[in-house]
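Engineer: Position chains F, R and S against the provided structure of chain W, taking the given hints into account.
Chains as they are written, first to last, in the working numbering: chain W, 1401 to 1536; chain F, 1401 to 1536; chain R, 1401 to 1536; chain S, 1401 to 1536.
Any given hint could be a false lead.
Just so you know, same-sequence chains aren't split out, so a pair can sit in one copy or run between any two.
The calculated lysine to any residue pairs, modelled on SDA-like cross-linking and capped at a C-alpha distance of 25 Å, are [unchecked claim]:
no. : residue 1 : residue 2
1   : LYS1428   : ILE1501
2   : LYS1477   : GLY1411
3   : LYS1536   : PRO1519
4   : LYS1514   : GLN1467
5   : LYS1484   : ARG1521
6   : LYS1463   : LEU1508
7   : LYS1428   : MET1454
8   : LYS1428   : TRP1482
9   : LYS1407   : HIS1504
10  : LYS1407   : CYS1520
11  : LYS1407   : LEU1495
Just so you know, the hints here were simulated from the structure itself, not pulled from any lab data.
4 protein chains.
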Amino acid sequence: MIQYNYKFRVGYADTDQMGSMHHVNYVKYCECARWELLRNIGIPYKSIEDDGVMCPVVSMQFKFIKQATYDSLITIKTTFQWIKGVRMFFEYDFLNENDEIINHAETLLAFVRKNDWKPCRPPVQLLEVIENLQQK
Amino acid sequence: MIQYNYKFRVGYADTDQMGSMHHVNYVKYCECARWELLRNIGIPYKSIEDDGVMCPVVSMQFKFIKQATYDSLITIKTTFQWIKGVRMFFEYDFLNENDEIINHAETLLAFVRKNDWKPCRPPVQLLEVIENLQQK
Amino acid sequence: MIQYNYKFRVGYADTDQMGSMHHVNYVKYCECARWELLRNIGIPYKSIEDDGVMCPVVSMQFKFIKQATYDSLITIKTTFQWIKGVRMFFEYDFLNENDEIINHAETLLAFVRKNDWKPCRPPVQLLEVIENLQQK
Amino acid sequence: MIQYNYKFRVGYADTDQMGSMHHVNYVKYCECARWELLRNIGIPYKSIEDDGVMCPVVSMQFKFIKQATYDSLITIKTTFQWIKGVRMFFEYDFLNENDEIINHAETLLAFVRKNDWKPCRPPVQLLEVIENLQQK
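This is chain W alone, in the form it adopts within the complex (with noise of 0.2 Å):
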């Protein structure tokens, strides 16, 4: 299992007047955990741009089972689950200062080109870090 654990501290800006964490910065946390477990495997995903791959969001869901309040400590373990073809799997815990998983999400992503958005192979370079990391 290819696993990260991103944490982060619930912003004031991320509050709303239910006083907890309103629902869209779960996803924007989302993809800061997501490019942190890749660069944690050695591919940045600044790196999968930078050779001319975007990785857009083909389609995602989130289900609330917690609030996050200001200022608490949030975990979310992310899972790197498969690539297949021109798509990228991931989930994702969000567990709070009590280990309790307050949110549950998954994201699938594509590989498209920069210039074009067409679909397009992931970079080699990941996809042989990833057969090395789960042949162990």
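Structural biologist: Below, chains F, R and S without anything else, positioned relative to chain W:
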């Protein structure tokens, strides 16, 4: 069918370095769209909160089909699907200026009491308005 | 005076746990307001970027006088003040539904070339439109 | 001098189609920086709100000097300048990875009571901590 067309222009702050609207903003605009639907049937979401009830998001999913570019005028065709018990369900189609569907979204909301976040019955007034509209 | 009144409703995602619009959103809506002013005089900001010129913010200041609450309808009275050399200056008054000024803002922008961010002359078409409007 | 260095990485959602961090995000990160400074001296902003006092922004200004690009690591050198009566003043220098100042910001905050937004005395505990630090 209880529907409402909400229109917005993609703002500069909505874009990212891919050159189109960042995916978090679809979530933000869906929220505007569903509350404008409610306003349109005579029950502004604000009046629901003023009566001590809130509608946090329980789950949401988004399918991204085409990009939305800066300054383009987007229409969100929002459909109220149902209220069952303490839940309310909406669907959304994002249409670009060529009337192409660029995104399909679904959100499930809960009715909870403002003071303790416990699930509660939807406001009677809202149920009545919806019943009336559905009998037409 | 070249002015434009831009209207928006305070969205739920714009609020924070103080129960009013978070201060970052004033910055976001100012940007919408100034580009709607330009659209209104016939030069959408998009057309400026399409011609290879961008207008990043050089400096900005905001004075917060009253709160803006969820769902209230805010008007930004935007005034184009001047273009001098490679700079452009706007002022903004945010008005609430009682016509009270709730915020005063000022932004200084630069004209730069899209490819290298070097300062450049404003588009001739923009200068002409402004000159014509100021002679009236 | 009461100072704190807050670090963050420019997120993808922070960028815009100019290819660098959109200017609203400087405002968002300044807020994180000043509250981390307070946490660092032992008075988390959350504890101030828990005691019934809030610190809304009264005025703010930002000077943009250089761009911040995606994934770069930015340091905000935050300086607590003073508390006078019901006001508190901070200054901020944003530094990029080459230690260049890319932005200078100033924010003036008020102390107000949570229940009615009336100006109020700063928390005694905060005043004491600051006095102690300034005597060193």
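Engineer: Would you mind marking each hint as holding or not holding in the structure?
Structural biologist: Hint check:
no.	hint	in the structure
1	LYS1428 x ILE1501	both (18 Å within a copy, 23 Å between copies)
2	LYS1477 x GLY1411	both (19 Å within a copy, 18 Å between copies)
3	LYS1536 x PRO1519	neither (30 Å within a copy, 46 Å between copies)
4	LYS1514 x GLN1467	between (37 Å within a copy, 13 Å between copies)
5	LYS1484 x ARG1521	within (10 Å within a copy, 44 Å between copies)
6	LYS1463 x LEU1508	both (15 Å within a copy, 9 Å between copies)
7	LYS1428 x MET1454	both (17 Å within a copy, 23 Å between copies)
8	LYS1428 x TRP1482	within (21 Å within a copy, 29 Å between copies)
9	LYS1407 x HIS1504	within (15 Å within a copy, 28 Å between copies)
10	LYS1407 x CYS1520	neither (31 Å within a copy, 33 Å between copies)
11	LYS1407 x LEU1495	both (9 Å within a copy, 23 Å between copies)
Of the numbered hints given earlier, the model fails hints 3 and 10; all others are met.
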